[in-house]
Each structure stands twice: as structure tokens, then as C-alpha cells.
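Note that the protein sequences, when read in sequence, are chains E and R. In terms of my numbering, the first sequence is residues 75 to 781. In terms of my numbering, the second sequence is residues 3 to 160.
Please note: incorrect hints may appear among the correct ones.
[Stated by the list, open to error] DSS-like, lysine-lysine: derived pairs with alpha carbons at most 30 Å apart:
(1) LYS131(R) <-> LYS599(E)
(2) LYS103(R) <-> LYS767(E)
(3) LYS777(E) <-> LYS103(R)
(4) LYS103(R) <-> LYS713(E)
(5) LYS103(R) <-> LYS553(E)
(6) LYS155(R) <-> LYS777(E)
[Said to hold, decoys possible] Now the stretches of chain E that chain R is said to cover, found in silico as 3 or more residues with beta-carbon under 8 Å:
(7) 500–506
(8) 605–617
Think of the hints as simulated: they come from the structure by calculation, not from any bench. Note that the Cβ used here is the ideal one computed from N, Cα and C, for glycine as well.
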Amino acid sequence: MVTELKTAEKIDPTTAEFQRALSHGGDSRYVLRLYLTGSTRRSIQSVNSIKTLCERYLRGRYDLEVIDLYQQPERADAAQIFAAPTLVKELPLPLGRLVGDLTDSHRVLIALKVNPEAEDALNAIRKGEVDGLLIAGPEGRQVFTLHGTQEPYRLLIEQMSEGALTLSEAGFILYANQPMADLLQMPLERLIGAEFRAFVAATDQPALAELIGKAWDGGSRGELSFRVADGSSVPLRLGLSRLSLGAEETLVSVVATNLTEARKKEAELRQLHAVLEQRVLERTADLAAARLSALKLMEEAIDARQASETANQALKLEITERIRAEAAVGESEERFHAIADNIPQLAWMADGEGHFSWFNRAWFTYTGTTLKDNLGDGWKAVYHPDYVQGASAKLEHSLRDGLDWEDTFPLRGQDGQYRWFLSRMNGIRDESGKVVRFFGTNTDVTALREAQTRLAEALDIIARRAEELEKTVAERTGKLRETIGELEAFSYSISHDMRAPLRAMQSFADILIQECSDQLSEDGKEYIRRIATAAERMDALIRDLLVYSRVVRADLPLDDVDLSALLRGIVEDYPQFNAAGADISIIHPLPHVRGNASSLTQCLSNLVGNAVKFVAPGVRPTVRIWAEVRGQRVFLFVKDNGIGIDPQLHEKIFTIFYRNSRDYEGTGIGLAIVYRAVQRMGGEVSVVSEPGKGSTFQLELAKAPRA
Amino acid sequence: MTEPLVLYAEDDPNDAFFMRRAFREAGIPNLLVVEDGRAVVDYLCGRAPFQDPVTCPPPTLVLLDINMPRLSGLETLAWIRGHPVFIETPVVILTSSSHPKDISRAYETGATAFFLKPGGATALVDVAKALRGILMSGQIREADFDQVPGCLKRPGIL
Numbered sequence: 075m076v077t078e079l080k081t082a083e084k085i086d087p088t089t090a091e092f093q094r095a096l097s098h099g100g101d102s103r104y105v106l107r108l109y110l111t112g113s114t115r116r117s118i119q120s121v122n123s124i125k126t127l128c129e130r131y132l133r134g135r136y137d138l139e140v141i142d143l144y145q146q147p148e149r150a151d152a153a154q155i156f157a158a159p160t161l162v163k164e165l166p167l168p169l170g171r172l173v174g175d176l177t178d179s180h181r182v183l184i185a186l187k188v189n190p191e192a193e194d195a196l197n198a199i200r201k202g203e204v205d206g207l208l209i210a211g212p213e214g215r216q217v218f219t220l221h222g223t224q225e226p227y228r229l230l231i232e233q234m235s236e237g238a239l240t241l242s243e244a245g246f247i248l249y250a251n252q253p254m255a256d257l258l259q260m261p262l263e264r265l266i267g268a269e270f271r272a273f274v275a276a277t278d279q280p281a282l283a284e285l286i287g288k289a290w291d292g293g294s295r296g297e298l299s300f301r302v303a304d305g306s307s308v309p310l311r312l313g314l315s316r317l318s319l320g321a322e323e324t325l326v327s328v329v330a331t332n333l334t335e336a337r338k339k340e341a342e343l344r345q346l347h348a349v350l351e352q353r354v355l356e357r358t359a360d361l362a363a364a365r366l367s368a369l370k371l372m373e374e375a376i377d378a379r380q381a382s383e384t385a386n387q388a389l390k391l392e393i394t395e396r397i398r399a400e401a402a403v404g405e406s407e408e409r410f411h412a413i414a415d416n417i418p419q420l421a422w423m424a425d426g427e428g429h430f431s432w433f434n435r436a437w438f439t440y441t442g443t444t445l446k447d448n449l450g451d452g453w454k455a456v457y458h459p460d461y462v463q464g465a466s467a468k469l470e471h472s473l474r475d476g477l478d479w480e481d482t483f484p485l486r487g488q489d490g491q492y493r494w495f496l497s498r499m500n501g502i503r504d505e506s507g508k509v510v511r512f513f514g515t516n517t518d519v520t521a522l523r524e525a526q527t528r529l530a531e532a533l534d535i536i537a538r539r540a541e542e543l544e545k546t547v548a549e550r551t552g553k554l555r556e557t558i559g560e561l562e563a564f565s566y567s568i569s570h571d572m573r574a575p576l577r578a579m580q581s582f583a584d585i586l587i588q589e590c591s592d593q594l595s596e597d598g599k600e601y602i603r604r605i606a607t608a609a610e611r612m613d614a615l616i617r618d619l620l621v622y623s624r625v626v627r628a629d630l631p632l633d634d635v636d637l638s639a640l641l642r643g644i645v646e647d648y649p650q651f652n653a654a655g656a657d658i659s660i661i662h663p664l665p666h667v668r669g670n671a672s673s674l675t676q677c678l679s680n681l682v683g684n685a686v687k688f689v690a691p692g693v694r695p696t697v698r699i700w701a702e703v704r705g706q707r708v709f710l711f712v713k714d715n716g717i718g719i720d721p722q723l724h725e726k727i728f729t730i731f732y733r734n735s736r737d738y739e740g741t742g743i744g745l746a747i748v749y750r751a752v753q754r755m756g757g758e759v760s761v762v763s764e765p766g767k768g769s770t771f772q773l774e775l776a777k778a779p780r781a
Numbered sequence: 003m004t005e006p007l008v009l010y011a012e013d014d015p016n017d018a019f020f021m022r023r024a025f026r027e028a029g030i031p032n033l034l035v036v037e038d039g040r041a042v043v044d045y046l047c048g049r050a051p052f053q054d055p056v057t058c059p060p061p062t063l064v065l066l067d068i069n070m071p072r073l074s075g076l077e078t079l080a081w082i083r084g085h086p087v088f089i090e091t092p093v094v095i096l097t098s099s100s101h102p103k104d105i106s107r108a109y110e111t112g113a114t115a116f117f118l119k120p121g122g123a124t125a126l127v128d129v130a131k132a133l134r135g136i137l138m139s140g141q142i143r144e145a146d147f148d149q150v151p152g153c154l155k156r157p158g159i160l
């Protein structure tokens with residue numbers, strides 16, 4: 075036992091010294107040179123003594139060079155050595171030297187500026203020879219007793235390759251092993267007595283505190299990053315446990331494993347995993363592609379099989395047919411003749427050289443000839459003389475070259491009349507492809523040809539008729555245009571020439587009353603008023619008729635019409651509505667419709683005008699206008715509080731010149747204009763009304779396409 | 003400032019009479035009625051019988067009937083709008099036709115306004131009074147005519 079730290083007074087300076095040693099001297103490396111002269115007894119003693127001291131106090135952190143000046147005299151000059159033995163401390167600075175007796179360890183240590191007590195204390199702690207430490211902490215000095223019974227534990231952790239340390243209740247490191255010092259990159263001497271939490275970042279301290287707290291309750295595990303000397307951080311896995319060392323002493327033992335490698339391995343593993351996953355994905359994609367192509371191949375195989383089956387089937391059928399055909403030929407030529415005799419067509423056969431050898435019954439019946447008549451070139455006799463040369467030349471050419479033949483020409487019947495036949499011939503070949511016989515038919519196509527001719531004639535007639543019709547239509551259209559033009563001119567002249575005299579009548583009547591009323595009797599004035607009224611009425615009729623004729627006749631280009639804007643304009647622009655004191659309310663917004671703006675203006679001003687006009691005397695006209703959209707149609711309603719209309723008259727009111735009441739001014743044209751205009755815009759107008767209950771007119775129009 | 007002069011082309015003597023009377027009633031002293039568009043052109047060109055620049059100063063406003071012999075109202079309007087001196091002179095078409103084609107053609111040709119001839123002498127006096135207000139303001143703007151009874155605006159209605 076080297077150091078006893080029993081009382082505060084006694085241990086205080088020593089501890090301070092110890093701590094200073096830990097913090098200052100403890101981590102510097104010593105470079106020592108021992109200069110000797112040969113192997114004298116003193117030389118050997120000096121070497122042994124220095125080596126012992128170094129091993130004891132500077133283990134692991136000193137270099138000692140022994141120089142024999144007999145062998146290397148030049149070194150003496152370089153180091154300015156004038157006596158031997160001499161010990162030179164080159165590092166740490168300042169340079170120190172000691173000449174003479176080097177066996178006095180106290181003397182040597184002073185020269186080396188090694189604090190033997192601090193070094194001894196560390197060794198003592200390591201060996202378990204220290205019973206207590208006094209450590210200066212923030213709360214002042216504290217005594218930590220280290221009981222001797224710790225020794226087995228110390229021995230154990232000295233042997234461990236993991237870092238290990240013990241913590242006091244206040245969190246100071248009471249003991250640490252070399253691996254721990256290596257982990258935290260701090261000399262062991264400085265590590266002992268340090269605060270454990272100083273090695274973790276502020277943010278991790280709560281976690282550390284929790285780990286230690288749990289350790290006091292029994293044990294805990296966790297991972298934390300520790301800050302080390304070079305500024306980097308080291309991830310450590312910590313295992314903490316409470317360590318009871320006898321009745322009065324309890325510590326926390328911490329075992330730390332460096333996770334840097336593990337983390338690196340983990341990262342590598344993750345990367346490997348990712349690579350693996352990527353490979354799996356790629357492989358999966360490959361597999362999917364492979365599966366797809368396999369499926370496709372399978373489908374192709376199925377298709378191929380089906381195709382081959384079909385081919386097989388066809389082949390089988392062909393073979394069957396051929397067997398049957400051969401059998402038929404071999405079986406009975408007679409049977410074939412029997413069949414050929416019973417067909418309605420004329421039929422004949424020639425041998426492979428083109429010699430006619432057989433004709434069927436229909437041929438003989440139609441031509442009225444015998445087999446003998448037809449042999450050789452005899453058959454040509456029934457060909458129409460105009461066609462015989464061309465047709466027989468073509469036929470003979472086909473017979474010679476073994477070709478199929480087709481032609482249409484007349485054949486003479488036994489009655490001497492010619493009928494048209496469609497004639498066909500095919501060569502019948504043997505296995506080598508050589509034509510062994512020709513089989514020909516003649517089909518009567520006279521009726522067909524006649525029908526075709528008649529059809530062509532009919533088409534011709536139709537074409538001529540169509541041409542005539544078009545000409546007529548063009549003429550009539552022209553005439554109609556002319557008429558329309560005349561009508562236009564007519565209505566134009568009505569508007570000018572007929573209305574001018576009416577205006578004159580009205581105006582002169584006005585002037586008469588204004589300027590000559592003192593010369594007129596009351597009757598006279600009344601007559602003049604009647605003239606003016608009649609003229610005014612006539613003017614109104616002409617005006618309305620013009621509008622009506624325009625609505626019926628003129629082009630009504632259809633556009634997108636904003637009903638809201640249109641109705642607002644109508645109510646603002648027609649002062650008579652306001653003059654009547656009418657209450658007109660429009661429920662905006664109204665939709666856009668497809669219509670003709672000026673025609674719609676005319677219609678709606680007529681409807682609103684009627685609504686305002688046809689009220690019982692003394693009633694304030696109230697008009698409500700709103701719209702509903704149903705699908706692609708817009709329904710616009712004009713509702714009034716007027717005198718109403720008998721349901722029996724609902725259809726009549728839309729006819730021209732019909733007037734429902736003689737009590738109100740009107741031409742009987744207004745609703746007819748509405749009816750025709752709405753009709754021409756592809757809409758409909760209708761009314762719901764009863765006498766005394768007001769009327770609701772409904773306009774149905776197409777919704778504007780964009781809306 | 004000299005009294006404004008209105009030059010009015012009208013072939014119907016009755017209409018000419020009513021207009022003279024209406025202007026008198028409205029208190030516009032200077033109304034010159036000529037029988038057709040040709041006479042308007044003669045007046046503006048200073049041809050006989052309108053050669054005296056003192057008695058025949060440039061008009062403040064030209065009123066044109068449409069349907070007239072020799073040179074119609076719209077032809078006259080086109081001539082005026084093609085003349086560098088009178089291109090800015092206000093020209094009002096006054097007619098008994100409310101045909102949309104007449105209205106649109108008049109505005110396209112450069113009419114300042116388009117009026118429908120009113121039925122009755124009293125109504126014409128109202129038109130004349132409204133015109134007087136515009137003439138007396140010293141500055142004639144197209145928009146002023148919108149307030150005159152019988153004016154048909156640009157997008158003509160049936």
C-alpha cells in the first residue's frame with residue numbers, strides 16, 4: 075500500500091497533486107537518453123534503476139535510449155556530455171539532465187519532473203490498494219471510499235477487452251480500464267475522477283441520466299454517442315448494473331462496447347440488403363417477363379396446334395373427297411351422265427384432245443339436234459352466226475391449251491329463235507395434272523340480260539327525270555326568290571309610302587286641335603280625335619304586319635342569347651312599361667339560350683307589353699319573369715296579374731288578327747308574332763291562364779350550347 | 003356664336019311642313035329644308051342656288067330622310083363621310099323605316115344617329131325640343147342622341 079487517503083487534511087494536497095498529475099504530467103511522452111561508459115558496475119546499476127523507475131511510473135509512454143560513449147564517442151559532443159553516467163530528459167521540455175548516481179530514485183524522479191505520488195496513486199488504484207479518493211467537484215470536495223473487496227471486480231475488468239468503468243453516486247468515474255480509456259481516447263489517469271456525463275452531448279444527457287437512474291434500480295441497457303478527444307463521436311452500447319460492494323458501498327458498473335464497427339457493419343448490411351432487394355426486384359421483373367414470354371409461347375403453341383389440326387382436318391377432308399371422286403369416276407360413268415342429263419343447263423364433254431364426245435339431254439332438247447349432228451365441228455352450227463367465229467376460236471384455243479373458258483353468246487333453239495347463254499368450261503385433270511377431259515355447260519341468261527337492259531333503261535329514265543326535276547326546282551326557286559324580293563320591296567314601300575299619308579293625317583289632326591280648336595264645335599273636335607285614333611290604329615297595324623312578315627320570312631340566324639341582359643334592356647328601353655306604373659321583377663340570373671336576339675326582343679317585349687296592358691282597371695300591373703333549365707331546354711315564364719284568358723281560347727290567341735278583348739288597344743298580331751318567331755327558333759309557346767286569375771306564358775327554347 | 007343651322011333633306015312636303023312647325027315650336031330658328039340628297043350635296047359644295055357663303059354657312063347638323071329621289075339618304079350620307087371637310091359633321095337619319103337592314107347600313111355608313119319618324123305633330127315637337135338641347139350645348143356627341151325619343155340604337159331591334 076503506497077497511498078493512504080484517510081483524512082481530508084492529509085489527503086487534500088496529495089489529491090490536488092494527484093489530480094494535477096493526472097491532468098498535466100500524465101499524458102506526455104518521455105524521451106530519455108542514458109549516456110554510459112562501458113559496462114561498469116555503476117553503469118549496469120544505473121540502467122537497471124532507470125528502467126525500473128520508468129516501468130513503474132512511465133509505463134507505455136517513454137523511450138529510453140542507452141548510449142555507450144566508448145562505442146559512440148561522437149554522441150557525447152553532440153549532446154554536450156562531459157561526465158558519465160548522465161541521464162538526459164529531452165522530452166517533455168524543458169530539457170533536464172542528471173549526472174552521477176542514478177540509483178537514487180527520488181533524485182531521478184525530481185530530475186524527470188515526475189510526481190511519484192500521482193503515478194503511485196494511479197498504480198495503487200489500479201491494483202486496488204486505495205481505499206478512498208477525495209475528488210473536488212462542483213459541490214466541493216467529496217470523499218469516495220474504495221473498499222478493498224473491489225479487487226476481484228477490478229481484476230475482472232482489467233482482463234476485459236470491452237471498456238469498463240465504475241461510477242460513484244454523483245456520477246464520477248471511480249475506476250476505468252484501459253480499453254475504456256482507449257474508447258474515449260483519454261489517458262486513464264485523466265479519465266478516473268472525471269464526470270461521466272461530460273462525455274455525452276447536452277441533448278443526450280437526459281438519456282444517460284435515465285440509464286444511470288435505472289442502473290441504480292438494478293440495471294439498464296442503451297446506446298449513446300460519446301464525444302472523444304479528437305472531436306468525433308463514438309457510438310457505444312452501454313450495459314449498466316448496480317454493484318454492491320459490501321454493506322456501505324454501492325457503485326454503478328458500466329460496460330461499454332464500441333458500436334462504430336457494428337454500425338459500419340450494419341450500414342454495409344443495409345447496403346447489401348438494398349442491393350439484394352434490388353436484385354430480387356430485377357429478378358422478379360425478369361421472372362415476370364419470362365412468365366409473359368412463356369405464356370405467349372404457350373399461346374403460340376396452342377395456335378400452332380390448332381392450325382395444324384385445321385390443316386389435318388382439311389387434308390382428311392380432301393383425301394375423303396378424292397377417294398369419293400375416284401370411286402365415283404371408277405364406279406360409273408353412266409351415273410354421271412344420268413345426273414348431267416337431269417340438270418336444266420345444257421352440258422357437254424370433250425376428250426383430252428378437245429374432240430366433242432358427249433352432250434346432255436338438255437342440249438339436244440334445246441337445239442333440236444342429235445349426237446351425230448354435233449360431232450366434229452357440228453356443234454358450231456347452233457352458235458349465232460355473228461358470234462360463232464369469235465366464240466368458237468376462243469373455245470378451241472382453251473381446248474388446245476387445257477384452259478378454263480367462259481363466254482356469253484346466243485345459241486339457236488330448235489324453234490329457230492336465239493337465246494343468250496353464259497357458257498363455261500373446265501378441264502378435268504389426272505394425277506399428273508394433264509387434262510383428260512373437258513366439261514362444259516351453257517346457262518340460259520336471256521331473262522337476266524333482259525332484266526339488266528330494262529334496269530339500265532329505267533335508271534336512264536330516272537336520271538332524266540331527276541335532271542328535269544332539278545331544273546324545275548331551280549326555276550321555281552328562282553321564281554320564289556323573285557316573289558320574295560317583290561314582297562320585300564312591297565313591305566318596304568308599305569313602311570314608307572303608306573305610312574307617310576297616315577302620319578300626315580295624324581299630324582294634321584293634332585295641329586287642327588292645337589291651333590284651330592276655338593273654331594271647332596265639340597262634335598268637330600271629337601271627329602278629329604276619331605280621325606287621329608283611326609290613323610294611329612292603321613299605323614300600328616301596318617307596323618305589326620311588317621314585323622310579322624319579317625318574322626315569318628326573314629333569315630333568323632341563331633346565336634347565344636343572354637336572356638338576363640336582353641330582358642334588362644327591354645324593361646329599360648320601353649318607357650311605356652314604366653309609364654303604366656308596372657311592377658316588373660326579373661328573377662336573375664336567367665340562362666343563355668340559342669335564339670335570334672332581335673326576334674326574342676320582339677317576342678318578350680310583346681309578352682311583357684301584354685302583361686302590363688291587360689289588367690283590370692285600377693289594378694297595378696305586376697309581372698314576374700323567371701326561367702328554369704331542364705336538360706337542354708330552357709323554360710322562360712312571364713306571369714302577370716291581368717284579366718286572364720278562358721282556357722277554351724288558349725289556342726286562338728296565337729292566331730293572327732285574333733283579339734281577346736275590344737276593351738284594350740291592339741292589332742291582334744302581337745302573339746302571332748311571338749308564336750311564329752318562337753317556332754322559327756325551334757321552340758314552343760304556351761299559356762296557363764283562367765279569367766280573373768292572371769296568365770303565365772311559357773317560352774320553351776334550346777339552351778345555349780356553351781352554357 | 004352664330005345660331006346653329008340644321009339642313010334637312012325631305013321630299014315629302016307634309017313631313018317638311020311638320021318639321022318646320024316642330025322646329026318653330028321648339029325654338030330652333032335656322033332650319034333649311036331641301037327636296038333631296040342632291041340638293042344637300044349642292045349646298046355643301048356651294049353650288050347654285052347655295053353659292054352665297056353668308057346665307058349658306060356650313061350646317062351644324064344634317065337631317066336625312068332615306069327614301070328620296072335622285073340621291074337617297076344613305077347615298078348622301080356616304081358622300082358626306084367621304085368629304086374631307088364634312089367628315090365630322092353630325093348626320094342624323096330620320097325615316098319611317100325601322101328595317102334592321104336600313105338601321106345597320108346607316109350606322110355602318112357613318113350616321114351619328116337613326117330616328118324613327120314619330121306619328122303625330124306633338125311627338126315631332128318633342129323630338130325637335132330634344133334636338134334643340136343638343137344643338138344649344140355647343141358640342142354634339144353621338145351619345146346625346148340616345149335620349150331623343152324615337153332614336154334606334156346601333157344594335158337595331160326589329
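(Q) Under the constraints set out in the numbered hints, which ones does this structure not fulfil? (A) Failing hints, ascending: 2, 4 and 7.
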